[in-house]
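Construct the entire structure; sequences and hints are all you get.
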Amino acid sequence: MQLKKRYQPGPVSTSLALATCALLGVPAMAEEADKWQVDGSMLLYSETDRVSAIEPVIKASRTFKNESKLDLKLTVDSLTGSSHNGAAVTNGPQTFTSPSGNKVYQINAGDVPLDDSFLDTRVALSGQYSWLLNRTLRATSGINFSNEYDFFSVGANAGLNWDLNQRNTTLSFLLGLESDTIEPVGGVPEALSLQPDQLRTDSSESRTVTDVLLGWTQVMNRRWIMQLNYNLSLASGYMTDPYKVVTLTDGAGTALESESLGGVDIGIGDAQIFEQRPDSRTRHALYWENRYSRENDDVIAIGYRFMTDDWGINSHTLDMKYRWQLDRGWFLQPHVRYYIQSEADFWYESMTAPEYTTVLASNDYASGDYRLGKLTDLTVGLKVGRELPSGRKWDARLEFMQQSGDTDAADVSAVIGQVGYRFYW
Amino acid sequence: MAGETRLTRTSDGWLGRFTAMASPCEVQLRDVSRSTAEQVLKRVAAEAWRVEQRFSRYRDDNIVAALQRANGEWLAVDEEFERLLAYADTCWQLSGGRFDVTSGVLRRVWRFDGSDRVPSADQVATLLPLIGWDRVERRPGQIRLPAGMELDLGGIGKEYAVDRALLLAREHTDADLLLNFGGDLVADGKTPWQIGIENLQQNGVAGQIPLARGAVATSGDSRRFLLRDGKRYSHILDPRTGWPVQGGPHSVTVAAARCTEAGMLATLALLQGAGAEPFLRAQGVRYWCLWE
Amino acid sequence: MRVLTLLGCLLLVSGCQNLGVNPWEREVLAREAMIPGVADGLDDAFDDHIYFSKEGSSGGRGFGGGGCGCN
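Chains A, B and C, in that order, are what the protein sequence lines are.
Going by the numbering used here, the first sequence runs without a break in its numbering and finishes at 521.
Going by the numbering used here, the second sequence runs without a break in its numbering and finishes at 494.
Going by the numbering used here, the third sequence runs without a break in its numbering and finishes at 133.
These aren't lab readings, by the way, just hints derived from the structure by calculation.
It is possible that part of the hints are untrue.
Short, incomplete list of chain A residues facing chain B, as computed with Cβ under 8 Å [what the hints assert, rightly or not]:
| hint | residue |
| --- | --- |
| 1 | Gly106 |
| 2 | Val108 |
| 3 | Leu112 |
| 4 | Ala115 |
| 5 | Ala118 |
| 6 | Leu119 |
| 7 | Leu120 |
| 8 | His380 |
| 9 | Pro450 |
| 10 | Thr454 |
| 11 | Ser458 |
We put the CB at the ideal spot given by N, CA and C, even for glycine.
Dropping the structure here:
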């Protein structure tokens, strides 16, 4: 498919070039060794009738003469719009308080309850440094920060990559620790209490997440590389979403009244209880990726992830990309992603009064967040880009995502747009 | 091992000269002070002499000589030698066995002095059991040559020295550089150097190409051959048969990113004999062949 | 049980001595489009963030980029 350009290296000269670099002990990409590689990109995300986000990112990487590497990344993430607040779709109107508790809003019968005052800007910074311990062992470590008005996260990671079998096999071990502090607007609500009562306790909560990743990357043959990762994630602390509620209904699709359960009256259908999630979560994920290059330089990439946790959620993700290599550095990459998840043990579309009494009595868990319910996602997209001489490149992608689940709240369509540019400085 | 270096001024910089590996060697720099030019010249010359001392087959005090005396025993080798052996192995594989660093023993019967003294089939056949890279055994940090075999790194040594010297010179300066060890050269800088290519003939005069970054190496020698009964025997020997390669050019010059690479491509092309030009075309490199 | 799994993995890895290529045959694998984690590096990071906030799963590919309050 490609026209043979002048001086396009042949198999022997390419192999010889690599062998010569090995002989002289220089990295093969010596051309770019003295410069910063800068990647600038911007994500535009827009759901129909819900959340929109704009996220510019700038990343700078540099490989030093001793083959150590530094990566720095700055992310700004700005969200607006409305998102599902966890309540059920009912036959009649419902009334909620805003996240801060200062205002009250109503939604119509049959509508998906969305919380409108969703405005957030997040700034995140991360740095990662890796260096060689010896010819086959590479160490890596990094730190990251993320800050938004109600959430702060700080984390660190460290790991080792071990090359075996003439670098055909690489074993990785990574350890990550993250500490999050949540300061909900209006204070932390008392779990399972009625929303109209506005019972708020401490002004902040926290949680820690420990991640362990064991990875195995294997060169299968000249054109095929495979990676298998096992990820164990242990989270403990405050996992509840302080802005989400579960609707109490009569079991026939009509929301109950808060005052009938001894709570404050703020309007019709106001029996909404703040959710409660367990204070620990253990997740196991197995990720398998294959990359295969065809004779004409096209690349097929297939990734599959299986995840299971102790909240009862199991999920399967299948991610496929085909990179269609064209002349003069152009490429097209269609992309399909399919995702399916089962619901959490404590997921409720809505709850009846007797169920509420039981859950309250045993201080059990309950959430109406559609993201913990049964979910099926399908994303289809296309990326186009061009690799220019001197290593620069640009790309743009457009994708459509459709989410659906057991409830109307899970019916989300989104458009994803992204542009990126890489240069050397 | 040391020798003399001479530094003279040029219109835009400095020219340093010395002799190494039986060749006149030059270092050219632009826009540097005299002291920097001297530093670079000394460093480059030191490296050329170091490589020559370590890997020349004409000496009796280096690892190559020790291997000859080892008589079939395992010998310890250092990291640099191991990398050269790995490189020799790569080239042996890539050439399908035509490039073989154990083929040096053939010079015991082949002397290319323009005469008609071609060895007999028996003489050549006796040496064949002593040739074969696949007979060499390697372990990490060690090598074993069967008794009677020897290693000849002459096909890699000079070009390797050029590339090594450039890396070391770069520790002293960022200026435009041109290193030329008897025709095997590397240039590194912003403004091009004018390089004379022996095989690029224009009206009987060596042609020139501009080269800012890259290397040029020549393999083969139009002056070394044997002539008997009207048949010309080129000095490029096929280690698999012990006899000269037929039908190929007398010398090949190749331009590539590094000197070691350029030199090896030129050598591999010559070993293809009549297939030299198709081979070079397939590799997508600039080359010049001399057929006369 | 865990010891058995670790042992199994080590046997698998040592059995992979026959898989792979020589160092000079890596020109195809050296392309950025063939390196897991680098090929679509920024895309992956964006996607991981999007799907982390829209779904109940995360992880598998690696980590280190900062949490967010979205899940």
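query: Would the stated hint for alanine 118 of chain A survive a check requiring a Cβ distance to chain B of less than 8 Å?
result: holds (7 Å)
message: Can you verify the interface hint for glycine 106 of chain A: is its Cβ closer than 8 Å to any Cβ in chain B?
response: holds (4 Å)
task: So, leucine 112 of chain A near chain B? Judge it on the closest CB pair being under 8 Å.
output: The hint holds - leucine 112 of chain A has a Cβ within 8 Å of chain B, the shortest such distance being about 5 Å.
- prompt: Close enough to count: is the Cβ of proline 450 of chain A nearer than 8 Å to one in chain B?
  reply: violated (73 Å)
task: Against chain B, run the beta carbon of leucine 119 of chain A and see if the smallest gap drops under 8 Å.
output: Nearest chain B Cβ about 4 Å off; hint holds.
Agreement of hint valine 108 of chain A with chain B interface, Cβ distance less than 8 Å: Hint holds; valine 108 of chain A Cβ to chain B Cβ min 5 Å, cut 8 Å.
message: Let's test the interface hint: is any C-beta of chain B closer than 8 Å to that of histidine 380 of chain A?
response: This interface hint is violated because 39 Å lies over the 8 Å limit.
query: Holds or violated: serine 458 of chain A as interface residue toward chain B, Cβ cutoff 8 Å?
result: Violated, because the Cβ-Cβ distance from serine 458 of chain A to chain B comes to roughly 64 Å (cut-off 8 Å).
field: Evaluation of the interface hint that places threonine 454 of chain A against chain B, nearest CB under 8 Å
entry: This interface hint is violated because 68 Å lies over the 8 Å limit.
message: Take the shortest C-beta to C-beta distance between leucine 120 of chain A and chain B; is it under 8 Å?
response: holds (5 Å)
- prompt: Does the CB of alanine 115 of chain A sit less than 8 Å away from some CB of chain B?
  reply: holds (4 Å)
Of the numbered hints listed earlier, those contradicted by the structure are 8, 9, 10 and 11.
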